[in-house]
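In the UniProt record's numbering, the protein residues as written are 1 to 177.
Treat the hints with caution; some may be incorrect.
Computed Cβ-Cβ distance ranges for the label pairs, DEER-style [claimed, not checked]:
1) Leu25 with Asp54: 42 to 48 Å
2) Met111 with Met67: 22 to 28 Å
3) Lys80 with His48: 44 to 50 Å
4) Arg39 with Gln69: 43 to 49 Å
5) Ile36 with Gln69: 46 to 52 Å
6) Ala32 with Thr68: 50 to 56 Å
7) Val15 with Glu41: 33 to 39 Å
8) Asp55 with Glu88: 49 to 55 Å
9) Ala12 with Ile36: 34 to 40 Å
10) Ala12 with Glu41: 40 to 46 Å
11) Asp62 with Arg37: 34 to 40 Å
12) Asp66 with Ile36: 42 to 48 Å
Simulated from the structure, these hints should not be mistaken for lab results.
Heads up, the beta-carbon is just placed ideally off N, CA and C, and yes, glycines get one too.
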Amino acid sequence: MDMLTTGVLCFAAGVVTGAGLLFWLLPARRQAGQLIRDRDEARQALNHYRDKVDDHFLQTADLVNDMTQAYRSVHEHLSKGVQVLCSEVGRKRAVAKSLDSAPGNDNSEPMTPPLDYAPSAKGTLSEDFGLQQKPTGPFAPVDVADNPLPDIVVQPPRDYADGDTQDTDTTSNKTPG
Numbered sequence: 001m002d003m004l005t006t007g008v009l010c011f012a013a014g015v016v017t018g019a020g021l022l023f024w025l026l027p028a029r030r031q032a033g034q035l036i037r038d039r040d041e042a043r044q045a046l047n048h049y050r051d052k053v054d055d056h057f058l059q060t061a062d063l064v065n066d067m068t069q070a071y072r073s074v075h076e077h078l079s080k081g082v083q084v085l086c087s088e089v090g091r092k093r094a095v096a097k098s099l100d101s102a103p104g105n106d107n108s109e110p111m112t113p114p115l116d117y118a119p120s121a122k123g124t125l126s127e128d129f130g131l132q133q134k135p136t137g138p139f140a141p142v143d144v145a146d147n148p149l150p151d152i153v154v155q156p157p158r159d160y161a162d163g164d165t166q167d168t169d170t171t172s173n174k175t176p177g
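Use the sequences and the hints to build the structure in full.
Next comes the structure, spelled out in structure tokens:
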């Protein structure tokens, strides 16, 4: 009977240990499941939001295209009305006010893209290309030939990280000789 008691006690100890481990690990499993559900809900919400944004911009593009078509139709209607209803003087005044004849918009010359270089014999990207006169004022460049500067040598700042602790004369205007 001693063997039977030992077996029953071992079985009971195993059941208690298993129940304890299950009780100890079960909340973590529940939390992991909740995190997975929350993640899936967030992904669905994000996908739903992306679909709404796509639909919004597709509808906006359609509306802008419709508005452009309506503007074009109104412009064509007005042009036909000018041709049919206005006199010669009225047509000339309408053409003068048209956007096609705005100042600076010559339809006689073909449009060319802007150049990314200076089209002169001096070379590309010349500094004086297109300048009419020399700039004047407090921010104008100084010509060294017209205004010679005295021999001033500026010492570079001392680098304290190098461990150089010698005092040098940084206020001197002349180089040490």
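Structure-based check of all given hints:
1. Leu25 with Asp54: 42 to 48 Å: holds, 43 Å
2. Met111 with Met67: 22 to 28 Å: holds, 26 Å
3. Lys80 with His48: 44 to 50 Å: Holds, since Lys80 and His48 (Cβ atoms, about 48 Å apart) stay within the stated range.
4. Arg39 with Gln69: 43 to 49 Å: holds, 45 Å
5. Ile36 with Gln69: 46 to 52 Å: Roughly 50 Å apart at Cβ, these two residues keep to the hinted range, so it holds.
6. Ala32 with Thr68: 50 to 56 Å: 54 Å Cβ-Cβ, so the 50 to 56 Å window holds.
7. Val15 with Glu41: 33 to 39 Å: holds, 38 Å
8. Asp55 with Glu88: 49 to 55 Å: Holds - the Cβ-Cβ distance for Asp55 and Glu88, about 52 Å, lies within 49 to 55 Å.
9. Ala12 with Ile36: 34 to 40 Å: holds, 36 Å
10. Ala12 with Glu41: 40 to 46 Å: holds, 43 Å
11. Asp62 with Arg37: 34 to 40 Å: Holds: the Cβ-Cβ distance is about 38 Å, inside 34 to 40 Å.
12. Asp66 with Ile36: 42 to 48 Å: holds, 45 Å
Checked against the numbered hints above, the structure violates none of them.
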